[in-house]
Structure formats: structure tokens, C-alpha cells
Amino acid sequence: MAHILLIDDDELLRDTLLQMLELDGHRVTEASTGERGLELFGSGSGFDAVITDILMPGIDGTQVIFEVGQRAPKLPVIAMSGGRRKLSPQFNLETAAMVGAASQLVKPFGLKELRAALNEALGVQLVQ
Amino acid sequence: MNTTPFLSLPASWCSALWRWLRQASPQHEALPVVDCAAVAGMRTLDQQMVTQLGRAVGLSEKSALELVSQVGGLRLLSSRLVDYLAQAHKQSEAMQDGIELNSRVINELAAFVQTLPQQIALEREQLKLLMREVKGLAEMTDTIRGIARQTEILAINAAIEAARAGEAGRGFAVLAGEVRRLATQANESAAKVNHDIGRLLQAVEVNYSGEFEARTRHNEAEAERLGGLTRDLDASYVDMRQFYAMLMRAVTQNNTELDHGIGLLLDTAQYQDVFKQIVDRVEPAMASRHVVLAELIARLRGGQRDTAELDARAAALMPDYLAGEAQHRDPDAAVKAAPGDPGLRIELF
Amino acid sequence: MTTIFLVDDSATMLMSLKATLEIAGFKVETAGDGEQALAKIKSGLKPDLIITDINMPKMDGIEFIRQVRKLLRFTPILTLTTESQQAKRDEAKKLGASGWMVKPVSGTDLVKVIRQVLPGA
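Protein chains in written order, with this note's numbering: chain A, 1 to 128; chain G, 129 to 477; chain R, 478 to 598.
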């Protein structure tokens, strides 16, 4: 139903999310780095939403969110984070919200949370 | 504007009032003074209203200027925050450099400690070789003692033979006796050397015993622990750098939005000027009305009933006022030709 | 740094525009009427751009444009006014103004226009 750009360096998680999203009927384009993700995003035309991890090697998720916000201000971005050592997921997601993320997901999360975040971001009631 | 003669008032009064009215409205020196009490009363009210409006405009200007200056202060605060964070970032980089140095030292120390067991093992090998040689020496002294005993036995046997040989064997007996003495000395020396070697071996064994093994294992464990610490430190830097990058980005974004809001706030202050100009245009309109009114009263008081011309002028007052207002564009009539296009509000020649 | 000269009898206009333009990185000089403005130019002020009101006491904007053009032949002049009379607009254009702006003008639009009129500012 929606064309979603999925960015996460964790291959296993990305795979799982991709399957979850496709099962719900969405079209998913995936990237393992922020750089690649932004490359695929281009000007944003054709995409309905972006889901991105925060802590990644190379450019981090907050930079991705900021860039997407510059190129396509109305396009919703969902941020996800599990935290790492002293960087709590709460701080990471708070920062993501500050730079423009529409909704947030704390790892680990399940299908229910994913759907809720997508609903919030896209502003429509999707298939339950 | 027609000047109309004074009527029904003492000349002195009217000239006094005339002077007073000229003072009150400097732009309209030729305003007619007719039936001073009624019309003048209305005119006074007009003047007071205009004064009050002027006061209102003054207050609005004061508040707009206050707003502009406060807004400037807000902007300073937000840029101060960014500057502070930039400083803090530099500070953290300096700290990182210092700690990275410590980290390197710790790493070198850990590496060194890890080589200790090998060094010591090497020494132990050399020591083992030494001990083997020493043991070889001990074996040699045993051999000497063996030979000495054999020699002693031979010497005793030789002495016995010499005694049996009588006179002829006496020289031989002396020789045998010397040999025996040498053998005894050799034996004693060998015994002493053996004893010393024994003691030396014992001392060495004691020093390089099981305690040594334990110490080696302890050092290896320490090295591992130190190595682990430096890995943690490195990880903490990566986290700290990430933290700062995210902090800067969040604050910069926040300030950008703040600046945008501040800009919009500043824009609204301009409405005060538009407001002031609208109020400024009220006074001339009132003056125009006064003129028509004064002439009307004069005409009626003078007994003339035909007021058609004045009626027309009165009727024209409102449309004239609105026409004047129309010469100044309504600030809220914003018509944008396209998004981002300033439209009719801005025109470049 | 690019210098912009604001001429307006309203202190509010001068202060708010000054703040907006300084935030955008311009240097700003101001004058409360045409005479004051001409005096400043005669004593050496060389702005890169002039923004003037039309309805001002002592000397109106049109007269100011006429006078200032004798001193600065090529400096771009923009008007910022509530005035919408076509005649005044045409006269300003004839006297050498580069643009006509209606109050109130948004800071973003103003900066955009300035950058159009002064490329490289």
C-alpha cells in the first residue's frame, strides 16, 4: 500500500522488518547504510515513508532524518533505536524527534508497534 | 474651502476662539468658525479624539519596538547556545586527545605484560639447560669419586703386594701410599663439589618452583583485563562522538526553527506602521467633515434653506474617505500568484 | 558586507526591518525622513541598496528618489509602502526605482528580492 524506504545496518533485523512490511502489503526499498538510503531516496518522489535506524556506521540516522526533511518536508520518517552501551534508545529517539521524525520505535519491537508507528506517521488507518 | 463671516457672537469672543482653533489644528488654518458654541464644541471633541488616537498609536509603537528588541534578545540566546555547544565540542575533542594518549600507553603496557610469560619461559629454558649442565657436572664428580675409590682399592692392594714383596716392595709401597692419599683427596674434593652442586640445585629449584607458575598466570590475566579496559575506552569515545554529533544536530535544527519563528514575529511588527497610517488619515477626514458641517450651520443660521450643494458634499464625504483609503493597499489582501512567488506585493521593474 | 539604507518615518518599520536584515547578514543604516537620508549620503554613506517609504513628512518618497538619483545614479532603489496609486508607482519607476513593495513584507520575501536585485549579496 505504501512505498517505504527501510534503512538499517543490522541485516537480520532489516530482513525481518522487510518481511513484516511486505506481508502487510507495502512495497519496500531497503538500504544497509544512510548514504545508500539517501541515494535511493533521491528527491523523495515515489516514497510514502522512511523507516531508519539511528546508530549506524557512516552517517547516522539523525542525519538521514534531517536530509529527508530538507528534500521532502512533508514525508513522514519513523526512527528506530535499540541504544548502545551508554547511548540510550530514549536519547537517540528524542534527538530523532527534534530533527523531525514523525514517530519512534524502541528496539526490540513487534508487528503491533510497527503498525502503530506507521499509522501515526502516515496518518491513516492501515490494515490491522 | 469657503470662509464664512462670524455671526451672532461678540467680535472679541470670536477672534479669541479663532486664535484658539488655529492653535489646535495647525494644518487647517482656514477652518471656518461659525456658531462657535455648537460647532466649536464638536470640533473640540474631534481634536480630543485625534489626540487620543495619537496616544494609541504611540502606545502601539512603543509595544512594537519593545517586541522587536525582545526578539533580538531571543535570537542572541539561541546563537549563544550554538556557540556554547561548539565550544563544548572542542573541549571534548581536546579531552579525547588526552585520553587517547593514555589509552595508547595502557595498550602498550598490556602488550608488554602479555610478552612477560614468553620472556620468562625463555629464561626458564635457559635455566633448565644450565641445570642440566650442572647435573652433568654432578655426574662427573660421581665418576671421579668412583675412579678415586677404585684407585684407593688398587692402592691398598698394591700396598699388600708390596708388603708381601718385603724389602723389594718398599718403594712401591710408598708410591702406593701416595696414590692412596691422592685418591682420598680427590674423593674429598669431589664430595665437596657434589655437596655444593646439590645445594645450588636445591636453591634454584626452590626459586623457580610452582610460585613462579602462579605469578605468570596472574600477569597474563592482568594483561587481558587491561586489554579489555582499553577496548571499553575506545568504545566510549565512539559513543561520545556520536552523542555530540546528535546533540549538535538537534540543537541546530531547533535553533533553525526558532529563527524562523523569530523572523515571522519581526514581520508582524510592521503592521503597527500600517495601523498608524490608517489612524493618521482619520484626522483630515474629520476636518473635511467639520468644514461641511460648519458651512451647513452657517447657511441654516443665516436663514438660507437651500442646502443642496452642501448635502452633495456631505454625501461625498464617505466615498472620498474610502477612495483615499483605497489608495493604500490592504495588508491582508495577499494574492499570491504561485507558491513562493511574492505576487502582487513585490514588483521588480 | 552589503549595506542597505532604510528610509521610513516609522520607527517600528526601521527597527523591525533592521533586525530582519541584520539576521540575514546585511549591514543596515537608517534615516527617519528624506532630508536626513540625503544628509547621510552627502556626508559619505554609500549604500549598496536603498529601501524607501513613499508617504513621509517633510519630503515624500518620490521627491527623495528624485533627489537621491542626482547623488547616486546606479544604486538600486526599492520602495516599501502602503501606497498603491498607479501614478505614484509609475513616477517612481520613471525616476529610476528598481522595484515596488507593499507593506507589510515578509522577511523571507524581502531577502529573496534583495538577493535578486544584488546578485552576490
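The hints are simulated quantities; they were obtained by calculation from the structure and are not laboratory data. All values derive from a computational prediction rather than experimental measurement. From the three backbone atoms N, C-alpha and C, an ideal C-beta is built for every residue, glycine too. Don't take each hint at face value.
What follows is a set of in silico ranges between Cβ atoms, one per label pair, in the way DEER data are often shown [to be verified]:
(1) R/R550 with G/E475: 21 to 27 Å
(2) A/S45 with R/K535: 17 to 23 Å
(3) G/D387 with A/A116: 42 to 48 Å
(4) G/D360 with R/T585: 33 to 39 Å
(5) A/G25 with G/H217: 41 to 47 Å
(6) G/A222 with R/L595: 38 to 44 Å
(7) R/T585 with G/R353: 55 to 61 Å
(8) G/V407 with R/Q563: 23 to 29 Å
(9) G/E194 with R/Q563: 18 to 24 Å
(10) R/T585 with A/G25: 24 to 30 Å
How the hints compare with the structure:
Taking the beta carbon of each, R/R550 and G/E475 are about 22 Å apart, inside 21 to 27 Å as hinted. Distance hint check for A/S45 and R/K535: the Cβ-Cβ separation is about 56 Å, which falls outside the suggested range of 17 to 23 Å. Distance hint check: the CB atoms of G/D387 and A/A116 are about 34 Å apart, inconsistent with the given range 42 to 48 Å. At roughly 49 Å, the beta carbons of G/D360 and R/T585 sit outside the given window of 33 to 39 Å.
Under the hint 41 to 47 Å, the C-beta atoms of A/G25 and G/H217, about 45 Å apart, fit the expected range. Restraint check, G/A222 to R/L595: a C-beta distance of roughly 42 Å satisfies the suggested window 38 to 44 Å. A C-beta distance of roughly 60 Å is found between R/T585 and G/R353, which places it inside the suggested range of 55 to 61 Å. Under the hint 23 to 29 Å, the C-beta atoms of G/V407 and R/Q563, about 25 Å apart, fit the expected range.
Restraint check, G/E194 to R/Q563: a C-beta distance of roughly 37 Å breaks the suggested window 18 to 24 Å. The supplied range of 24 to 30 Å is broken by R/T585 and A/G25, whose beta-carbon atoms lie about 41 Å from each other.
In this structure, the earlier hints numbered 2, 3, 4, 9 and 10 are contradicted, and the remaining ones agree with it.
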